[in-house]
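Top line first, the protein sequences correspond to chains Y and S.
Numbering follows this note's numbering, in which position 282 of the first sequence is assigned residue number 282; successive positions increment by one, without gaps.
Numbering follows this note's numbering, in which position 141 of the second sequence is assigned residue number 141; successive positions increment by one, without gaps.
Hints may contain errors.
Each pair of labels, with its calculated beta carbon distance range [as the list claims (entries may be wrong)]:
(1) S:A265 - Y:N58: 53 to 61 Å
(2) Y:D141 - S:L48: 33 to 41 Å
(3) S:V153 - Y:D141: 40 to 48 Å
(4) Y:P188 - S:R31: 31 to 39 Å
(5) Y:G150 - S:Y260: 19 to 27 Å
(6) S:F96 - Y:T79: 47 to 55 Å
Think of the hints as simulated: they come from the structure by calculation, not from any bench.
Heads up, the beta-carbon is just placed ideally off N, CA and C, and yes, glycines get one too.
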Amino acid sequence: MPEQPAARSQESGASAVGGEAVIATRGLTKRYRGGQLAVDGLDLTVPAGSVFGFLGPNGSGKTTTIRMLMGLIEPTSGTARVLGRPMPRATRAVLPHVGALIEGPALYGFLSGRDNLIRYDSADPAADPRTRRARVAAALDRVGLTAAAGKKAKAYSLGMKQRLGLAAALLQPRRLLVLDEPTNGLDPQGMREIRTLVRELASDGTTVFLSSHLLDEIEQVCTHAAVMAQGRLITQGPVAELAAGARGRLVVTTPDPAEAARVLKEQGVGDVVVTDDRVTGEPPDRDLADVNTALVTAGVRVRGFTVERASLEDAFVALTGEGFDVAG
Amino acid sequence: MSRADVVESARPVSPLWTFGLLRNELTTTFRRWRTLALLAVLAGVPVLVGIAVKIETGDGSSPGGGGGGGGPAFISQITNNGLFLVFTALAATLPFFLPMAIGVVAGDAIAGEANAGTLRYLLVSPAGRTRLLLTKYATVVLFCLAATLVVAVSALTVGALLFPLGDLTTISGTHISFAEGLGRALLIALVVAASLIGVAALGLFVSTLTNSGIAAMATTVGLLITVQILDQIPQLHALQPYFFSHYWLSFADLMREPVYWDDLAKNLGLQALYAAVFGSAAWARFTTKDITA
Numbered sequence: 001m002p003e004q005p006a007a008r009s010q011e012s013g014a015s016a017v018g019g020e021a022v023i024a025t026r027g028l029t030k031r032y033r034g035g036q037l038a039v040d041g042l043d044l045t046v047p048a049g050s051v052f053g054f055l056g057p058n059g060s061g062k063t064t065t066i067r068m069l070m071g072l073i074e075p076t077s078g079t080a081r082v083l084g085r086p087m088p089r090a091t092r093a094v095l096p097h098v099g100a101l102i103e104g105p106a107l108y109g110f111l112s113g114r115d116n117l118i119r120y121d122s123a124d125p126a127a128d129p130r131t132r133r134a135r136v137a138a139a140l141d142r143v144g145l146t147a148a149a150g151k152k153a154k155a156y157s158l159g160m161k162q163r164l165g166l167a168a169a170l171l172q173p174r175r176l177l178v179l180d181e182p183t184n185g186l187d188p189q190g191m192r193e194i195r196t197l198v199r200e201l202a203s204d205g206t207t208v209f210l211s212s213h214l215l216d217e218i219e220q221v222c223t224h225a226a227v228m229a230q231g232r233l234i235t236q237g238p239v240a241e242l243a244a245g246a247r248g249r250l251v252v253t254t255p256d257p258a259e260a261a262r263v264l265k266e267q268g269v270g271d272v273v274v275t276d277d278r279v280t281g282e283p284p285d286r287d288l289a290d291v292n293t294a295l296v297t298a299g300v301r302v303r304g305f306t307v308e309r310a311s312l313e314d315a316f317v318a319l320t321g322e323g324f325d326v327a328g
Numbered sequence: 001m002s003r004a005d006v007v008e009s010a011r012p013v014s015p016l017w018t019f020g021l022l023r024n025e026l027t028t029t030f031r032r033w034r035t036l037a038l039l040a041v042l043a044g045v046p047v048l049v050g051i052a053v054k055i056e057t058g059d060g061s062s063p064g065g066g067g068g069g070g071g072p073a074f075i076s077q078i079t080n081n082g083l084f085l086v087f088t089a090l091a092a093t094l095p096f097f098l099p100m101a102i103g104v105v106a107g108d109a110i111a112g113e114a115n116a117g118t119l120r121y122l123l124v125s126p127a128g129r130t131r132l133l134l135t136k137y138a139t140v141v142l143f144c145l146a147a148t149l150v151v152a153v154s155a156l157t158v159g160a161l162l163f164p165l166g167d168l169t170t171i172s173g174t175h176i177s178f179a180e181g182l183g184r185a186l187l188i189a190l191v192v193a194a195s196l197i198g199v200a201a202l203g204l205f206v207s208t209l210t211n212s213g214i215a216a217m218a219t220t221v222g223l224l225i226t227v228q229i230l231d232q233i234p235q236l237h238a239l240q241p242y243f244f245s246h247y248w249l250s251f252a253d254l255m256r257e258p259v260y261w262d263d264l265a266k267n268l269g270l271q272a273l274y275a276a277v278f279g280s281a282a283w284a285r286f287t288t289k290d291i292t293a
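Let the sequences and hints guide you as you build the complete structure.
As structure tokens, then:
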């Protein structure tokens, strides 16, 4: 997705201080009292209007970063600006425009779903009490909880709690949504609904900051992404560029794999790997049609000839040099 | 860049709306079964005392066995006038039941929210740390008042049902009308509620130190018991005037004619001191704390 139309960014005067960035951190660092360095010199830039995927293994500092952005944790050093204002100093001005789901939903079990939302809404001094009931009803409707609104929250399933947490983030029109693992506990149908919701919100102009460990989920909805590991930012940028960083692979399916591998190497294909009837390798810089002709001319029977696009997961593994494991 | 950017001008904040959180906090607190259970226990104490006195004096003897020192203050007068059950019940609940109930509500105020994770959502709403702390303290103080009034109203009801009502004799021996007696009872209830302000501030401070509601409640109630014990040790008499419970029973001085104000004033001053010291400590702690729960 391209940048938001210029009209919107000009309108939001002060937020343009940090350029187009809805979130901008410079050298953001958090060292906990035990001496553990949770976040180390983070320079994160989230462009306005983006759906920004925030990736990283568990324990890589994502949650600490989100808590610093929301003013819950004071940075040890460095600065964080949200909607162009410094955090945590400007929480009262910034946070009414931010909806957040942090580390899963937290609810009052003895209150109904509706009363939970009323409580969170009355905590916001910028929320108009005259429209409170209507906004709560609209938020419940948006996440599909209208039927269960009167039930006590302790009777909710994990998926319903997750939806109620999302509803709390949607009580007002927001300029930024921070969603930490929003599809946790949801069934595939619920996950699809959340993805649709995120796309809808993004098309309304809301910037969505989405942390997830599900890489294909990020790839499906995000325009931009950043990858963290061990407290440091490894990379950030548009998803297409990140995925392009890891090149696609040429895949040839054939009953004659040995012969095919020989011809492909001759044609300049690197890193040729043979598995059963599949031969894969890094595509050469020449026209792939010529490579195919060479295979056929050499008498290789070709069943399939494709280039598999690199996934974000390939990019991630290429970047971190490891799988998606918990950092020690 | 001017400060009057979209972030602020889009949704002007009405100062009155900030009380929405207090109203919601009050309804939330008084809808918890735990709060209602605490109030039910407090309402039960005067019933027990009233029935016990009624049974014990059924044969015409006076309660306390004539020893004079037995039982809470005013208990020997209940059979003459049901209104004295209000004073007796307050004297019986003030050392432990009332402050324990306050300790539970105050200790849970911040720590309970942290424990449930709801604290982070209140703060990103954004409730504002100072505003949330003030709301919590106001709620606890109003709970002090509600708890005391529950004891007083329950005692008055039971006293009226089981014993005669009428003009009463003060500690100084003078007579006052029943209406004035009722007025004094109300005044005493307010003084008792104010006596709990110190415990409320202490409990709220403890509540900002931990993420466990149970730990905060236990600590507050533990401190309460410790102070009450230390207040009984003669060797500590130099320290005792600074214990929040030291002048608690001075409310009886309101039943003198003329009223003896010295200890009452000391009590209220001490409560204000505790509220200032522990309120500031709670504020200093809560506004700088990293919210990791």
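Taking the hints in turn, this is what the structure says about them:
no.	hint	verdict
1	S:A265 - Y:N58: 53 to 61 Å	holds (59 Å)
2	Y:D141 - S:L48: 33 to 41 Å	violated (51 Å)
3	S:V153 - Y:D141: 40 to 48 Å	holds (44 Å)
4	Y:P188 - S:R31: 31 to 39 Å	holds (37 Å)
5	Y:G150 - S:Y260: 19 to 27 Å	violated (55 Å)
6	S:F96 - Y:T79: 47 to 55 Å	holds (51 Å)
Violation of the numbered hints given earlier is confined to hints 2, 5; the remaining hints are satisfied by the structure.
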